[in-house]
Structure formats: structure tokens, C-alpha cells
Amino acid sequence: MRRIALHMLIGETGKYLGIVAGVMFASLLIIQQLSMFSGILTQTYSGITSVHADIWVMDPKVKSIEDSKPMTDGELGRVRSVEGVAWAVALYKGSTSARLENGDTEGVSLYGIDDTTFAGGPSQMVEGKLSDLRISDAVVVDSMSAKDRLAHVNADGTRVPLKVGDTLELNDHRVKVVGLCQVGRGFQSQAVVYTTYNRALSIAPTQRKNLSYILATAQPGKTPEEVAAKIKRVTGLGAYSSQQFIDKTLHYFLTETSIVINFGMSVMVAFLIGTLIAGQTFYNFTMDNLRHFGALKAMGASDRTVLSMILLQAGLVGFVGFGIGTGLACLMGLAMQDSMMTFTLPWYVLAFTGMAVVGISGISALLSLRKVVKLEPGIVFRG
Amino acid sequence: MNTVITAAVECRGIKKVFGSGSNEVQALRGIDMDVRQGELMMLVGPSGCGKTTLISVIAGVLDATYGECKVFDKSMQGMTNAERTRYRGENIGFVFQQFNLIPSLTLRENVAIPLLINGMNYDAAMPKAEEALERVGLRERAGDRPLLLSGGQQQRVAIARAIVHSPRLVVCDEPTSALDHVTGQHVVELLREVAAGDGRALIVVTHDSRIFQYADRISRMDDGSIQNVYGSYQEMVEAERNQQ
Chain P
31 MRRIALHMLI
41 GETGKYLGIV
51 AGVMFASLLI
61 IQQLSMFSGI
71 LTQTYSGITS
81 VHADIWVMDP
91 KVKSIEDSKP
101 MTDGELGRVR
111 SVEGVAWAVA
121 LYKGSTSARL
131 ENGDTEGVSL
141 YGIDDTTFAG
151 GPSQMVEGKL
161 SDLRISDAVV
171 VDSMSAKDRL
181 AHVNADGTRV
191 PLKVGDTLEL
201 NDHRVKVVGL
211 CQVGRGFQSQ
221 AVVYTTYNRA
231 LSIAPTQRKN
241 LSYILATAQP
251 GKTPEEVAAK
261 IKRVTGLGAY
271 SSQQFIDKTL
281 HYFLTETSIV
291 INFGMSVMVA
301 FLIGTLIAGQ
311 TFYNFTMDNL
321 RHFGALKAMG
331 ASDRTVLSMI
341 LLQAGLVGFV
351 GFGIGTGLAC
361 LMGLAMQDSM
371 MTFTLPWYVL
381 AFTGMAVVGI
391 SGISALLSLR
401 KVVKLEPGIV
411 FRG
Chain Z
45 MNTVITAAVE
55 CRGIKKVFGS
65 GSNEVQALRG
75 IDMDVRQGEL
85 MMLVGPSGCG
95 KTTLISVIAG
105 VLDATYGECK
115 VFDKSMQGMT
125 NAERTRYRGE
135 NIGFVFQQFN
145 LIPSLTLREN
155 VAIPLLINGM
165 NYDAAMPKAE
175 EALERVGLRE
185 RAGDRPLLLS
195 GGQQQRVAIA
205 RAIVHSPRLV
215 VCDEPTSALD
225 HVTGQHVVEL
235 LREVAAGDGR
245 ALIVVTHDSR
255 IFQYADRISR
265 MDDGSIQNVY
275 GSYQEMVEAE
285 RNQQ
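Keeping their order, the protein sequence lines are chains P and Z.
Residue numbering for the first sequence follows my numbering, starting at 31 and increasing by one per position.
Residue numbering for the second sequence follows my numbering, starting at 45 and increasing by one per position.
You may find that some hints are simply not true.
[What the hints assert, rightly or not] Using 27 angstroms as the maximum straight-line C-alpha spacing, the simulated DSS-like pairs for lysine-lysine come out as follows:
| id | chain 1 | residue 1 | chain 2 | residue 2 |
| --- | --- | --- | --- | --- |
| 1 | Z | Lys118 | P | Lys404 |
| 2 | P | Lys206 | P | Lys93 |
| 3 | P | Lys404 | Z | Lys59 |
| 4 | P | Lys239 | P | Lys252 |
| 5 | P | Lys252 | P | Lys278 |
| 6 | P | Lys93 | P | Lys239 |
| 7 | P | Lys404 | Z | Lys114 |
| 8 | P | Lys239 | P | Lys91 |
| 9 | P | Lys159 | P | Lys206 |
[Said to hold, decoys possible] Reference listing, derived: stretches of chain Z covered by chain P, where coverage requires no fewer than 3 residues with Cβ under 8 angstroms from a Cβ of chain P:
| id | region |
| --- | --- |
| 10 | 73-82 |
| 11 | 120-130 |
| 12 | 193-204 |
[To be verified] Label-pair restraints from in silico Cβ distances:
| id | chain 1 | residue 1 | chain 2 | residue 2 | range |
| --- | --- | --- | --- | --- | --- |
| 13 | P | Ser332 | Z | Asp117 | 38 to 48 angstroms |
| 14 | Z | Glu233 | P | Lys404 | 33 to 43 angstroms |
| 15 | Z | Lys59 | P | Leu302 | 21 to 31 angstroms |
| 16 | Z | Glu233 | P | Arg334 | 51 to 61 angstroms |
These aren't lab readings, by the way, just hints derived from the structure by calculation.
Quick reminder that beta carbons are idealized off the backbone N, C-alpha and C, glycines included.
Chain P with its partners taken away, still in its complex shape (with noise of 0.2 angstroms):
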């Protein structure tokens, strides 16, 4: 009877894809809207996960990478002596503002990386070369600002990115572009722009406190989160690993700020619309279809075998919007790839998805089911 139940289903086309579509479209708007949500979470610790460093050593104030606090240059020395850290070296993140040759600024956030290792720099190089920075009043800037927020705009509109060898003017401060790196768009969507600590101090405003976060190592046969608990236990900084350190971050954004509100109050829309579209198209079908199942109930079929004539078809329509949806989301994702929208789509997303989708598929069936168990086979000999 199982093809006979794909049969019953694909047969109908026009009631079939309009179950799959309703299923393809739950399962877009709900990756779409994870993804977004993601993205957004992402881009709350690109900054972390721009640099390469084990260790993060800052403020004990500080709440998440967004939120340096500034500390004393001395607590650079006082890291390196902690037992464990094989090398530390100072970070500085800022923000400051780039004045565009059109006359216009941008806010960009500046990166303050060790003058002599680079330590702290992006980890993908697009063009040119880090070790460039030691050219005077040198910048590297991320290539995706590079092409629209840092773009030079002509008289006409068109935009013709900013390129190595180029120059902006940050904070009063003539500074040449060296190079173009890849790197997470920041949680303020700003243009990100690294160059050596201290050319980062010339640019930034004077402050009494300049260092933001300090970056370590930990010696080889220790674990970064040992390291960095001696660090804490020893200098009384806050010191994390690069996951404690985006697992504090992603905490402080999902518990104290309205992003998980407002974003989950849209994918909870998302779901639910998605949900009632793709449920209600189902169980109107196995409705549609109830005095079929009735004859085939009076013909001798068991509940059994007719429960699982509505399961196949369920698990069929389930799987095949689940397809469509997830690959339009692929697509709708790489459309956006160079935009300022953000989508990330983890391998969470899909299953917490798939299992939306089971989820509903399932409601939709059982809900049928119990009308087709409850179901007197007699039904067939009304007219």
C-alpha cells in the first residue's frame, strides 16, 4: 500500500506541490529567519574570532568584545610574567571616524596590533601583505568596506572601491592602505581597519588608559582556559579563552540586550506562520482525502496499515519542502554574501529546521490520524 499512499499524494499534483510549497516555505522562513538571528550572533564575536589568539586578558568589567574597557600599559608586563603564557602582546580596538575624499565619514573600528609580531592581526590576507604595516602611516582595511562603506562614490554614483595604495584620512590622520584582509563583519557593521598599537594610539584620541585587551598564548602542554584562570587568579583581569571569551560575549548580548526579544519574536512569527501554512495544508488534504481512507478502511485495510499510508505521505511532503526550502535558503544566502545582510547557516539551524518540519509534518498527520482511527468505514455507505 506504500505506493499506493505516494501514489494517492503525488497523483493530486496540484494539491501536492501546494502541500510541498507550504512545507518549502515554513522551512525557508524559518532557516531564513535562524540564519539572520545567527548572523546577527556572529557578528556580536567576529571580533574575536578575527583575531588569532588563545588567550583574551581585559577589564574584569568588561561584558563582551564590544565593551573594552581600557587598562594601564603595565598590565602587559604583569601578564607576561603569569606563569604559562608562552607570549602576550597589547590589542588596542577603538572606534574613530574615516573622512571620505566626497567629504563624508565613516565610524570604523580600529585595531591596535603588536607593532613588531602582528600578533592580533586578521588571519586571511586579500591583498598585499601584513608585515606591510611597518610602512609609515600603513593600514590594512577589510575588503568588504573596502567595496561599499570606504568605497570612493563618482559624480555619476558608481562606486569604485578603495584599493591598496589608496589613502584615507582617519581621525585627521593621513594613513595609506597596504593591504586588504577578510574579515567578520562587526556586530555595528562598521568598516574594520588594523594597523600597528602604537600608530593606533597616534590616530585614536589621547586617553589616559590605552590598552583594551591584552593577547596571550598559553606555553605548549597547557590548555588556553588553565592559562588563562592562572592569569585571572594572578593579575585580577578578566582572562578568558577565545570560546569562554565568545560564550561570555554571546551571553551578555542574549541576556541584556533586546536582541533575543526582538529578533526570537520574529522567528517565533516565523515558525508559527510557517507552521499553520504547511499543517493545516496537510491535514486539508487528508481531510479531503478522509472518505478514501474510509472505503479503504471498509475494504479491509487495518488502521494500522492506513496510519501508515498518512505517515509515508507526511514524511514524503516533509522531506521534499524540507529540500526546496533549505536549498532556496542556500541560494538566498549566497545572494547575500557580499551585502550587509547577515546570514550564518550552521548545521543547527538546519536540524533545529528539520526538526520544525518533522515537527509539523507530525502535528499535521496526527491530527489526521485521530480523525482517520475515529473514523467508522461505514461512512462510505452514506451518500
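Given the coordinates of chain P, assemble chain Z onto it according to the supplied hints.
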């Protein structure tokens, strides 16, 4: 000692009550009825007299409130629900008033359903279904969908479906009500030819007097009871004329 079964259906004291209290409706009021092997029994009577309820009880798709109904010496009331479902699938064929063909399936698949329900695999069932379609003159349309067929053709497909697994009893509910006179006659002739005889039996519920002549016996029902059983249509006409 082998018992020779001559009755295809034996119903004794069948009562069916719907609802309870002030809403109680007695649809069947103690029916005694036999259907012999090899005969075509017609259940006739006005709408609402209990004909459909009676064949539902006989076919085991509806439980009687009281009484017992045996189909080929097997008590439908004595079986569990699962046993009754299985027995129905193996021994009873159905022809419904509204055909109940599944529109998204081909005629071949529709006809094969009883075989598939009884556990035959799909590939083996399809040739058998085509043979049944041949018996009703529709083999060449085996790959078509039911909605492409006329009402008479759809009912012929329903007959093919009812007989494809060679059931011993076929029950038909108003098989001609949706058909014109000539088509209706052809359908009953066909039913008689393929479903009655050879130790089998056919029960037809109808109020279409134009097909009464095809019955071996006619049971006239009214208000939940069998009023009379006639040996032929002619006998029924004469008896009713005498009553007037």
C-alpha cells in the same frame, strides 16, 4: 464431519440503535434474514428504512446493537475488530453508491486495492487488476484516471474492484442510483454475471425498481424491519397488487 454451508448470510434478531435517551433511533428492529449461496438478494424499500444500515452490519463495517450475523458461517459479532477487518478484506467486496474511486490513482491501481490490502505485492497485483478490468470491458482504459470516465464506466471499475480478489460476498449500495436506465441495467447484469453464483452471493441495496427484475429474491424493508421476502420481482408485483 464436514458441514455443508448453504446460507451465505444468516442474520438473527439484528437490532441497531443510534443515540440514546430521547435521541434514540431504532434503525433496525430485530431483522432475521438469510441470503443463499449463488443468489442475488435485493434489499428494497423507502429511504431511511434501514437498508444501508443492514448491509453495513452484514459487511461488518457497523456493529449491531443486538443479534448476530454470520457470513459464510462466521459470526461477524464474534470476531475482534482486527479479525473482522481481515475477514472483510478477504471475503467481502464492496460497490458503493458514490463509486469511491480514488481520483489520483489509475483505474488499474484502484482495482488492485483489495489485492494490496490482502498483502499481494504491487507488481503482482497490477496484472490481476487488468484481468478484472477486462471482465468489465475496460482493460484498454487501465492506465486512465477515474475522472476521465463516465458514471457508468466508473461504476464498472468499482465492480471490477469489488470482484478482483474473488470475494464470496459482494454488497452493493445503490449501484445504479447515479446512472441512467440503460447503463444501470448493464451494471446489474454485469454484477450478476461476475459476482453471483459459484458458492458466492450478492446483496444489492436499491430503491431503483427498474432493476428489481434481476433479483433472485427481494426483501422489502420498512421502518427497520423486513416486511416481506419475495421469490421474484413478479411475485412482489402480484403480492403488492393483491394488497391494494
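Against the structure, the hints come out as follows:
1. Z:Lys118 - P:Lys404: 25 angstroms, holds
2. P:Lys206 - P:Lys93: The given pair, whose Cα atoms are some 33 angstroms apart, is violated under the 27 angstroms limit.
3. P:Lys404 - Z:Lys59: Holds, because 23 angstroms separates the two Cα atoms, which is no more than 27 angstroms.
4. P:Lys239 - P:Lys252: Violated, because 31 angstroms separates the two Cα atoms, which is more than 27 angstroms.
5. P:Lys252 - P:Lys278: Given that 27 angstroms is the threshold and the Cα spacing comes to 22 angstroms, the pair holds.
6. P:Lys93 - P:Lys239: 18 angstroms, holds
7. P:Lys404 - Z:Lys114: 25 angstroms, holds
8. P:Lys239 - P:Lys91: Holds, because 15 angstroms separates the two Cα atoms, which is no more than 27 angstroms.
9. P:Lys159 - P:Lys206: Holds, at about 13 angstroms.
10. 73-82: Our answer is that it is violated, as 0 residues pass the Cβ test (under 8 angstroms) against chain P, missing three.
11. 120-130: holds (count 3)
12. 193-204: Violated: only 0 residues of the region 193-204 of chain Z have a Cβ under 8 angstroms from chain P.
13. P:Ser332 - Z:Asp117: 38 to 48 angstroms: 23 angstroms, violated
14. Z:Glu233 - P:Lys404: 33 to 43 angstroms: This hint holds: roughly 39 angstroms between Cβ atoms.
15. Z:Lys59 - P:Leu302: 21 to 31 angstroms: Given range 21 to 31 angstroms: violated, Cβ gap about 50 angstroms.
16. Z:Glu233 - P:Arg334: 51 to 61 angstroms: Because 38 angstroms falls outside the window, the suggested range is violated.
When the structure is compared with the earlier hints, violations turn up for hints 2, 4, 10, 12, 13, 15, 16 and for no others.
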